[in-house]
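Protein chains: 2
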Amino acid sequence: MDPAKPSQELLRSLTDEHVLRALMRYRRLTRAELAAETGISKPTAGESVRRLVEAGLVVDTGQRTPGGRGRGRVGSYYSLAPDVGAALAVSIAPEGVVAESINAYGDLVARAEEPIGRPARPDDVTAALVRAVDQVRDLVEASQEAEFRASGIRPRVAVVSAADPVDRGTGRLLQLPDAPFLLGEIDPVGVLAGRVSGVVHVDNDVNWAAEAERAAMPVDDFAYVYLDEGLGCAIVSDGEVRRGRRGVAGEVAHLITVGPGGWAMPLIEVFGELGLRRRNSTAIDVDLLLEKRPAEVVVAVGGLIAALATLIDPEVVVVGGRWGTHLVEAIAGEVSRSPRPVRVRAAAVEFEPSLAGARADALHRLRELIVAR
Amino acid sequence: MDPAKPSQELLRSLTDEHVLRALMRYRRLTRAELAAETGISKPTAGESVRRLVEAGLVVDTGQRTPGGRGRGRVGSYYSLAPDVGAALAVSIAPEGVVAESINAYGDLVARAEEPIGRPARPDDVTAALVRAVDQVRDLVEASQEAEFRASGIRPRVAVVSAADPVDRGTGRLLQLPDAPFLLGEIDPVGVLAGRVSGVVHVDNDVNWAAEAERAAMPVDDFAYVYLDEGLGCAIVSDGEVRRGRRGVAGEVAHLITVGPGGWAMPLIEVFGELGLRRRNSTAIDVDLLLEKRPAEVVVAVGGLIAALATLIDPEVVVVGGRWGTHLVEAIAGEVSRSPRPVRVRAAAVEFEPSLAGARADALHRLRELIVAR
DNA sequence: CATTCTAGTCAGGGCTCTTGCCTAGAAAGG
DNA sequence: CCTTTCTAGGCAAGAGCCCTGACTAGAATG
Chain U
1 MDPAKPSQEL LRSLTDEHVL RALMRYRRLT RAELAAETGI SKPTAGESVR
51 RLVEAGLVVD TGQRTPGGRG RGRVGSYYSL APDVGAALAV SIAPEGVVAE
101 SINAYGDLVA RAEEPIGRPA RPDDVTAALV RAVDQVRDLV EASQEAEFRA
151 SGIRPRVAVV SAADPVDRGT GRLLQLPDAP FLLGEIDPVG VLAGRVSGVV
201 HVDNDVNWAA EAERAAMPVD DFAYVYLDEG LGCAIVSDGE VRRGRRGVAG
251 EVAHLITVGP GGWAMPLIEV FGELGLRRRN STAIDVDLLL EKRPAEVVVA
301 VGGLIAALAT LIDPEVVVVG GRWGTHLVEA IAGEVSRSPR PVRVRAAAVE
351 FEPSLAGARA DALHRLRELI VAR
Chain R
1 MDPAKPSQEL LRSLTDEHVL RALMRYRRLT RAELAAETGI SKPTAGESVR
51 RLVEAGLVVD TGQRTPGGRG RGRVGSYYSL APDVGAALAV SIAPEGVVAE
101 SINAYGDLVA RAEEPIGRPA RPDDVTAALV RAVDQVRDLV EASQEAEFRA
151 SGIRPRVAVV SAADPVDRGT GRLLQLPDAP FLLGEIDPVG VLAGRVSGVV
201 HVDNDVNWAA EAERAAMPVD DFAYVYLDEG LGCAIVSDGE VRRGRRGVAG
251 EVAHLITVGP GGWAMPLIEV FGELGLRRRN STAIDVDLLL EKRPAEVVVA
301 VGGLIAALAT LIDPEVVVVG GRWGTHLVEA IAGEVSRSPR PVRVRAAAVE
351 FEPSLAGARA DALHRLRELI VAR
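Line order of the protein sequences matches chains U and R.
Each residue of the first sequence is one higher than the one before, counting from 1 in the UniProt record's numbering.
Each residue of the second sequence is one higher than the one before, counting from 1 in the UniProt record's numbering.
Honestly, the hints are just simulated from the structure, not real lab data.
Do not rely on the hints blindly, as some may be mistaken.
Which copy is meant is left open, because identical chains are indistinguishable; a pair holds if it fits in one copy or across any two.
In silico lysine to aspartate or glutamate, DMTMM-like type, Cα no more than 25 Å apart, as pairs [said to hold, decoys possible]:
#1 K42 - E315
#2 K5 - E47
#3 K42 - E273
#4 K5 - E33
#5 K292 - E273
#6 K42 - D167
#7 K42 - D107
#8 K42 - E240
#9 K42 - D2
#10 K5 - E296
#11 K42 - E291
#12 K5 - E368
#13 K292 - D220
#14 K42 - D287
#15 K5 - E315
#16 K42 - E185
#17 K292 - E329
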């Protein structure tokens, strides 16, 4: 049965959920403010606060409404208890690992960055991941503010962005045949399992970048094309990132497009054909590409975007990645001359887009955990 | 706010919804059976029945529990009131129009078929649509069973399948440049608006066929490739048909694939190149194609499926349509030799797949209307 | 020091759900 | 034919949740 079973308990839990969400949003509220904010009556809101304090989810901050509000009785501010916990957001890229601890308000509690030497070997990447996460834990532990100390040491949930295809079922990084594979066979779930009390959720960095883009703009159907050392693509349909069966939707290296001379050819081979792949690596040589800016690359990407436009009918195609952002205008021009033109523009979220998406999801998951009990 | 506001009214409506859904499923139940089935207590279930009878949504059938059940007091059977209404499911294809009236149990109440002469001109199609729908209404009206008469004359919702691209916003048929366009500029919403008391929902026939396929098998991510006079493709991701911004996701005629001689070329042009398009029409000549079975067509479809596999990562690609079903094995063989093989099989729903999908959606929408009040 | 004004509580009441018991009434069995 | 058995449905009591409206506590204002 889809709809929840009707019961008084359902009502009560709904009330508590409203109160908790209001506190997540406004950080601290008096009982009266809670009632006004949630639309619940004052006695009911007060009763809910009493329950939640008893359950340890909400605390009296000790703060009182300041005189500045005018006359009247002073109110007690309540907020979420420190031990509702924190979430971990991690970005793993060839340049390095970034780990952040986020509390239920969405505040950044601690952050650590660990560079990775070139070329990135799987063991180095795993080691950097461990160092970054442990450093965040230490930072939280050393924090002066007691409220953070209790909450962040062992995150309740972790969300990881990785710059390679990720298996949707296992969370492991996946080497697809002949496609750029930047990090190697990392298993973030295994590494983090002991350091997180709950779920470790891993996904591809482009999917997270698309998630950040989605949150930043009111478009329900778009594609995010990521053009950097690796090639990536994320699909947002009906307002959600669509990952496909195994989670490798948008792994476009093998998409057949127009190659040099008009031949049909997989996208990744275009770069090989033009001598734009790094020696001893499947990665694209971005510096060389930006120096030469070959028209063939623009045409090939145009073929990719035409395929996206045809198959998923996006409102707009967002282009990101180091060389993607540089060539976005040439690509848009190429697409506008195709038989099915579609709007093309550069990504709106420019700073750490993948981490931004992972962070937003980590916050969302943490809040769900708190509300669900 | 996402979660519903807690209130006593919410509980009551949830109870009523449970009762209504149980009646939709089991057709007739006594109060005691309703309580057992929904898990709600007897007095509450009884009270809900009283409310729903008063609201006119439920009626005492007059039937009583037969002695066959053993001793004990006889119970009264309740079922949905006849005037909860019916839904209309319509399929518009070049061969003709089929219209069906469906009641809230999912029973076929009436059905009419109207052929269309070749070639199908827009006016003929619209006329056939009108005739079919009116004939269904007359059949319902003439029905001996009073219960159907009251319910089906003016459907509460209509779901239409059309064998051309459909604009998601307006429900109109959409001519895409140079793609096969079989029916012409029909406006089913305009035609049916006066004949239906509620919404008229139109979508492409391949999307509906995919919907029927989805209901028939436990797969959340697949693509449905439809190969007939027109070329179509539907994408099911995370358990739902994804239509894209305008609703023309999967209009694959212009997808770039491998053409004769290895040249990159839009899929539809492959058929022109091979002389497989009908004279004075954008449609594919299916008989000729099935006679010649050119290897180039299999290769071109293989390119389409490779693009689908790459971009949306389906668990399986389902092939339907007149020549698709005949060539499915050759296509599967071609795909299995590609660098990203994916399972390919023929569609499971063979009889009127589009109508089956539209019918299921019509039923779903009708039930939602009844439950929502 | 009286007034004003707000946070929080209390009292009363309505509604929904549940449990447990009772009644109606037909079939089964002697 | 009468008693027993057994189930559908109703009734009564009670608990829980939410709401309205009134009241109390207590600080700032003037």
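My question is about K42 and E315: at a cut-off of 25 Å on alpha-carbon distance, are they close within one copy, between copies, both, or neither?
Classified as neither; 45 Å inside a copy, 52 Å across copies.
At most 25 Å between CA atoms: does that hold for K42 and E185 within a copy, between copies, both, or neither?
The answer is neither: 55 Å in one copy and 58 Å across copies each exceed 25 Å.
At 25 Å max between alpha carbons, let me know whether K5 reaches E47 within a copy, between copies, both or neither.
Both, since 23 Å and 16 Å are each at most 25 Å.
Which holds for K42 with E291 at a C-alpha limit of 25 Å: within a copy, between copies, both or neither?
neither (66 Å within a copy, 78 Å between copies)
Using 25 Å as the alpha carbon limit, work out where K42 and D167 are close: within a copy, between copies, both or neither.
For K42 and D167, neither the intra-copy (48 Å) nor the inter-copy (49 Å) Cα distance is at most 25 Å.
Identical-chain pair category, K5 with E296, by Cα at 25 Å
Cα proximity of K5 and E296: none, with 60 Å in one copy and 57 Å across.
Given a CA cutoff of 25 Å, do K42 and D2 count as a within-copy pair, a between-copy pair, both, or neither?
Answer is between; shortest inter-copy Cα gap is 21 Å, intra-copy 32 Å.
Could you place K5 and E33 in one of the four classes (within, between, both, neither) given a Cα distance threshold of 25 Å?
between (30 Å within a copy, 17 Å between copies)
Please sort K5 with E315 into within, between, both or neither, judging by C-alpha distance up to 25 Å.
neither (39 Å within a copy, 34 Å between copies)
Intra- versus inter-subunit Cα pairing at 25 Å for K42 with E273
neither (71 Å within a copy, 75 Å between copies)
Which holds for K5 with E368 at a C-alpha limit of 25 Å: within a copy, between copies, both or neither?
Close inside one copy (20 Å) and across copies (17 Å); limit 25 Å.
25 Å Cα threshold - placement of E240 relative to K42:
neither (37 Å within a copy, 42 Å between copies)
Violated hints, in rising order: 1, 3, 6, 7, 8, 10, 11, 13, 14, 15 and 16; the structure is consistent with all others.
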